[in-house]
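**Q** Sequence:
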Amino acid sequence: MARQDRPGVHLRHGVPSNLAAELSSFVGREQHVRRGVQLAAATRLLTLCGPGGSGKTRLARRIAAGSGEAAPDGIWWVELATADAVVPAVSRAMAVPVPAGDLGPYLAGARALVVLDNCEHLLPEVAATVDGLLRAAPEVRVLATSREPLGVEGERVWRVPPLEVPPAGAAVSTAARYDAVQLFCERAQAAGGYVGRTDPMVAELCRALDGMPLALELAAARTAAMSVTAIRAALHDRFRVLAGGPRSAPARLRSMLASLAWSHDLCSDPERALLRRLAVFDGGFDADAAVAVAGVAPLGPDTVVEVLGGLVAKSLVLRGDARYRLLETVRSYARDRLGDAGETATTAGRHLAWAAGFAEAREPASSRCDIAVLDELEVELPNLRGALAHAGRAPEGHHGLRLVGALAFFWARRGYGIAGTELGETVIAADPAAPGHLRARALWAVAYARFYGGCFDEAAEIVARALAEEHDDDALTARCRVVVGNHTVFTDPAAAREIEHGALALADEADDRWCVQEALKFIVFSHELQHRPAHARPLLERLERLVAAADDAHNRVWATLDVGMIGHMSGELAEARAAYLAAERAAAEIDDPLLVLYACAGRASVALATGALDELPGVAAVMNRPEMRFAELTLAFAASLGEIAAHPDRPGPLITAGTTIAPYVPVEAPRLVLAGARRALADGEIDVAAAAAEWTRAACAAVGSAMTGPSRVVLARIARRRDDPQAQQCAQDGLAEIADAQLWTDLPDALAVLGGLAVDAGHPAEGTRLLAAADALATTIGSNDVLHVDTAADRRRAESALGEAFAGAWEQGVGLDRDTAVTYARRTRGPRRRPRHGWASLSPAELEVVRLAAAGHANPVIAERLFVTRATVKTHLVHVFAKLGVRTRAQLAGEAVRHGLG
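Just so we're aligned, residue 24 is where the sequence shown starts under the working numbering, counting upward by one.
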């Protein structure tokens, strides 16, 4: 057995062997080789399975070469690809006659390794021969390569994976580390072509070829005459490109077409039918989908799974945990056979009908932003797109419109508002004769997704077409009106509320719970966009109850953002920060980039308000991801935050951050720009401050936002710097808007500027009280004043003017509660035209007297609270009694309660 004088036998690592020397380098697969040697030593029969061109033969040769220690009596390579019988092929390989065609007696007692390469066309004979050999020769091991298992008892099957390719989105600098890239580049160099290992098109080409070694080698041979880009572009006709292998190679290895034809010819008729029909799937499929699409004559629904198992065994279909897929080259071959059979259109039609049913079944859960269901749809995204593409060409059955209508929430929630809906519009245009309900629903779906993709005007135009379609579905009409309201809210929040309330009523009647949430969500948002938290808060409470009942993950994030926005406006900065942080994490979990942006903008704004600038780099890092959808917007905002953190004294990054996100995040944008104006003012850049403050005032005035109040306060500070006599009126107007809207976060700034103006006007005691009230409220809220230099100067001047009386006045100001401080500050306003009778006739001072009297305070206490004499309080009450027509304090208290002052 160990004689070395047989023809073709030589020593390899001291072991008799007929392994031929390799003429080209073996690239990659080091781990596979080590694993294969271990498996070959641990099992009697190891079969390497894989499709043609997957590199089974080269890998088996390497494993055999490394198996000398386990096979001291010989390593024998038997090529079966061109053989028509097994035992004669083994006899020729060993250069010895095999008595009676039986290998067992001849190899009995030998510790040898027999390698049978390309067994698939002789499977029954190979199986019988190997079974007999392993029983008669217990020390012999067999390593086989085949496109399907041998089916012998004790067989260990190892599916040979393709070469590893760089994943999509991987850095080009890392591409050279992947085996597929290394093989392609080395073979290209050998062919005389020049290829850069970090060329991104090389990585893309390797992915398009599925990392299949034969395909990579055939493509690399083309680089002598074609660029990598040209080769990639030519893969639409890949079998023309992937040809021209070495003349010395077997015919099946000279082209991918020949390799696949070899496998196809070994299939049964049912397997061929199923293989060609599976070509319609893009990105994989599960067994149910295969049955739905391919289970028609000559196949039956009950036979598809069994036949599918045969294709898996033959390595023409790859199987994962629960899904199957075809390598792209196999799929291309099968698609050609589908055309040859005249089944392309009918199979694509069944695939479209399956996709429509698949999406419709998952629409209710996707509307709740069920992550598992959205993930299911994400997995099927290539199939969904393929089905839509077919529907755009062949709209029979209106299945395409069904599919478009069912994908609205998936497109919107996963950031496909643009890319996904372009196919949808093609489908709608291709089916003009469809029933109005189907067309309207599809148009609504496209409009809804476009809106959440940031294309507000396009969404409005498309939903107008939906409303023009004839149908009698109130729920669909309500959903269309919601999109109209959603679009309108950015330009006219008050008008949007009317539209949303109408949609809300219609959705309530139709019992469309999702639509009720959506309408209510944007009604809340309309108040937030106008910075009126008191109006938004009770509506938010209702929304939170609906969201909890529906278990809607997307709207739960929205409601959490609402808590943050309302808290931010209302002076509840700690609560706002916590809500924004929770929303940021929840938005990341559901992978919604716009909600992440909203949460991060809120966190950044609160950090600026509280002076916690050390939080900004962390906020920026959340958005500083190029792979994130809406990357242009999120990366720009992240860059601005990084600039703010690095240069906290510069107003530019703040202003840039606010104006960048203004079209998408109009609630927080004015605060960021106004923060930039305050920073510029602190640095003495008055013109920059004035431009930013005026931009904010104008933008907010356009939508009726109460942030005009804080803007006017900053403009009042600027007017004060310029000795403009309008500063006092501007500050008072700002205070009035802040108080009326209950923007308590902005109140300290208004009180501080009015305090400074009082000191300027020669009223240091009044100014001191306002400065003290501003300081105390800012401490309570947790806000940080970047204009503390102005405030400190005003305080020093007041202390100088008052002397020992300063401490008492300061203490009085600290003791002012919020409402009293507002009333005290507004007392100095110029005359206003009021009616002579009724609640509207009361001055701010009179209203504050009423509030305190209704709370049960006596005149001396009221006088002390308001820093006036008891006689003044008595005079105010006399005027109040006359204006309101009441006679007793009890009557006054009752009226006050009815008017919200009790």
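Hints are computed from structural coordinates only; laboratory data are not their basis. Given the structure is predicted, the values throughout are model-derived calculations rather than measurements. Note that CB positions come from ideal geometry on N, CA and C, so glycine has one too. Be careful, since some hints might not be right.
To be verified - Across the chosen pairs, the derived CB separations fall in these ranges: (1) Glu-329 to Glu-162: 47 to 53 Å; (2) Asp-531 to Val-884: 57 to 63 Å; (3) Ala-557 to Pro-387: 18 to 24 Å; (4) Leu-62 to Pro-190: 34 to 40 Å; (5) Asp-672 to Glu-521: 44 to 50 Å; (6) Glu-401 to Gly-634: 37 to 43 Å; (7) Glu-521 to Ala-905: 35 to 41 Å; (8) Ala-194 to Arg-158: 50 to 56 Å; (9) Ala-310 to Glu-383: 48 to 54 Å; (10) Glu-493 to Asp-637: 40 to 46 Å; (11) Pro-640 to Glu-493: 51 to 57 Å.
**Q** Run every hint past the structure and note whether it holds.
**A** So, going through the hints one by one against the coordinates:
1. Range check, Glu-329 to Glu-162: about 38 Å between beta-carbon atoms, so the 47 to 53 Å window is missed.
2. Checked against the hint of 57 to 63 Å, the pair Asp-531 and Val-884 fails, with Cβ atoms roughly 49 Å apart.
3. Between Ala-557 and Pro-387 the beta carbons are some 35 Å apart, a value that contradicts the proposed interval 18 to 24 Å.
4. Range check, Leu-62 to Pro-190: about 27 Å between beta-carbon atoms, so the 34 to 40 Å window is missed.
5. The supplied range of 44 to 50 Å is met by Asp-672 and Glu-521, whose beta-carbon atoms lie about 45 Å from each other.
6. The beta-carbon spacing between Glu-401 and Gly-634, approximately 41 Å, falls within the hinted interval of 37 to 43 Å.
7. Separation of Glu-521 from Ala-905 is about 40 Å and conforms to the stated range, judged on CB atoms against 35 to 41 Å.
8. Judged by the Cβ atoms, the range 50 to 56 Å given for Ala-194 and Arg-158 holds: they are separated by roughly 54 Å.
9. At about 20 Å, the CB distance of Ala-310 to Glu-383 disagrees with the hint of 48 to 54 Å.
10. Separation of Glu-493 from Asp-637 is about 59 Å and departs from the stated range, judged on CB atoms against 40 to 46 Å.
11. In this structure, Pro-640 and Glu-493 meet the distance hint of 51 to 57 Å, their C-beta atoms being roughly 55 Å apart.
When the structure is compared with the earlier hints, violations turn up for hints 1, 2, 3, 4, 9 and 10 and for no others.
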